[in-house]
Structures are given as C-alpha cells and as structure tokens.
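Chains as they are written, first to last, in the numbering used here: chain A, 46 to 144; chain B, 233 to 478.
Fair warning: there could be bad hints in the mix.
[Claimed, not checked] Computed list of lysine to any residue pairs in SDA-like fashion (alpha-carbon distance at most 25 Å, straight line):
| # | chain 1 | residue 1 | chain 2 | residue 2 |
| --- | --- | --- | --- | --- |
| 1 | B | Lys-256 | A | Leu-123 |
| 2 | B | Lys-279 | B | Ala-391 |
| 3 | B | Lys-279 | A | Ala-134 |
| 4 | B | Lys-344 | A | Ile-67 |
| 5 | B | Lys-342 | A | Ala-134 |
| 6 | B | Lys-365 | A | Met-86 |
| 7 | B | Lys-342 | A | Leu-123 |
| 8 | B | Lys-342 | A | Leu-71 |
| 9 | B | Lys-279 | A | Leu-57 |
[To be verified] Calculated from the model, a selection of chain B residues having no Cβ within reach of chain A, i.e. all distances over 12 Å:
| # | residue |
| --- | --- |
| 10 | Trp-252 |
| 11 | Lys-279 |
| 12 | Lys-342 |
| 13 | Ala-375 |
[Claimed, not checked] Chain B regions said to be covered by chain A (calculated; three or more residues, Cβ under 8 Å):
| # | segment |
| --- | --- |
| 14 | 356-370 |
| 15 | 393-401 |
Worth flagging that the hints you see were computed from the coordinates, not collected in a lab.
Predicted model, so just to flag it, every value in this text is computed and none were measured.
Ideal placement from N, C-alpha and C gives every residue a C-beta, glycine not left out.
Here are the chains, one letter per residue:
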Amino acid sequence: MIDPLTVLTIVLMASATYCTRIIGYLVLRNRTLSPRATALMEAAPGCVLISVIAPHFVANNPADLVAIAITLLAATRLSMLPTVMVAVAATGLLRHFIG
Amino acid sequence: MSAMEGEASMQQAPIQSELWRGIKGCIPVLLGIVPYALVLGAQAAQKGLSVIEVPLMTGLNFAGGSEFAAIQLWTSPPHIMLIVAITFLVNSRHLLMGAAIAPFLRHLPKRKALPALFAMTDESWALGLSDAKARTEQGMQPAFSLPYYLGTALVFYVAWVGFTTLGAALGPVLGDVEAYGFDMAFPAVFLVLMAGMWKGFAAARPWLVSLVVAALTYLFVPGAWYVAAGAVSGLIAAYVLAGDDA
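Bound conformation, chain A alone (with noise of 0.2 Å):
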C-alpha cells in the first residue's frame, strides 16, 4: 500500500513544491527583476508543460494526430472543463472509428 520510495518522491516534490511557494514571496518581494530573469520565469512553466505533452503531438496514428489538434483548437477558446470534454469525446470517438 504504501512503498518507501514513492513515499519519498512525494516528500521531496512537495519541498520542492512549497520552496517555490515562498521563495517568491521571501526574495523577491523588495527586488526588482531584470526583464531577463522575468523573461526567463515567464517562459519556464511552459516549456515543461509543453514539453511534457511534447508525445501527443508525434503519435504514431492518425486518431491520436486530429485528437490532439482538436484538443489544441479547443484549448485556445474554451475554458478547462469544455476543453477537457471535447478532448476526451473526440480521442474516444476517432479512436473507435478511425483506430
């Protein structure tokens, strides 16, 4: 039920997680940013979404390829839970049909 090293990574991310949730707030809070260091904290979450995600967008069949270029159609109009639903119905349905 409960692995020691699962265990672990959980306790580790969540540091690494609150470290980020106060660093901001203890260091930075009467400092000003160099545009490139604010350029660089901009672009940084999304370059590791993206790149998370980076898989989808060289799947190897074509129900995954038009899934994933509806999801991203969708993304940019839509709000979380429409996007998600739309996602979902169409990956399953071009799944079935197309295979």
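Once you have looked at the hints, place chain B on chain A.
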C-alpha cells in the same frame, strides 16, 4: 501593540463571514477541477500508486500541474530526481506569483504568511489578488483578506484531495482510461493552462522550441529525457530571445 490590537478587533468580527465569502467565491471554479482531479487519481492508480499514496501526494504537494507531470513520468521505481526537478520547474510560476502577492501580505507576520502560502494555488492566488484589488478600490483595509483567501483555499484543498482519492479508488473499476480517450485530459489541461499564460506569439517562441526539441528527443532517444531536453532548450531560447528584445 495597540495598533495590532486595533487591527485584530477590526478583523475579528467579519472573519467568519469573510471565510464564508471565500468558500462561496470559489464554488464555480470547482466545476473545472473536479473532473481533472478524478482523472489524475485514476491515472495515478494505473501507474501503481495506492489509495493512500495518492492523497499523500495531492495533500502534501497540492499543485495539480506538477502532479499531472509527475504521474505522466511515473515509473516503478520512480526517477526521483527527474520528478522533483520537473515538479520544481512546473511550479516555478509560484515564484512570480509569490512576488506579486507579497506587497499585499505586508500586514501579516511571517508566522501567518508562510503557512498561508502553502495554500497558494493558481485559483486561490487569482481570487485572493483580484479580491484585494477590489477592496483597495473600495478603500478597505487591509486590502488582502486572509480569511477570504483561506476560505477559497480550503475548498480547493478538500475538493482536490477528496476527488483525486476518489479517482484512485474508482480507477481500477473503470479499467484502462486510455481506451475511452481520458488520457487526452492531460494535454487538454496543460494546453488550457498555457492558453492562460499566453502573452502573444513573441513570448511563446521558447514554447515552440521546447515542443520541437522534446518531440524529436522523444522520437529518437529512449527514456524520459525528452522532458528535460525540451524544457532546457526552451529556457535557453527564452534567455537568448530576451537578450534580443532588451
């Protein structure tokens, strides 16, 4: 001392109503996170996390984007350093968020501000900050209402931990979530988060670099290196491009 007592008594009366205002304020946003939490829980169960380990992660870490990324990369045994590094990078937006909210927390001692920051999520931060701006316009002091913010955070916390656990419990019953297309919820959630960060094409060029490098690495290099390769290339691009514009 007397100023602090004055402030305390001024806040004491509306604490409950402020807390309640926060709870009510975030209920519409819950609709968006409940399915997301269920999918995360179900996917985590498929990767072998137990019904105890899932709430441990979502309750201690309490940052959805990084949990999705961690589960996506989860192996048995997990690549600890990779997952921790990715968690930090995904949550690096908190650095900016903390800096932005800091001026509104000046009236709070650190012993209150630091625990309160544990509950800072995209949603509670946005709600707390927009409420503080509205209260400033109405001339209310302090502008930042701690009980309001904690009310929103409390609802998110209970819903997030509760529904991810439920997802983990239901996951094995649902079977392979990929067969229904639920795995596309991950990219969908990530793309919506990125749409929220969108600041024009120029600012998004590093994302494109990350996408291309990560996709090529995924195709030609075995293992999970594509995430690190994509993220680092994007950051280098951001650094270089910022130099061009400055």
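Output the numbers, in ascending order, of every earlier hint that fails for this structure. Failing hints, ascending: 5, 7, 11, 12, 14 and 15.
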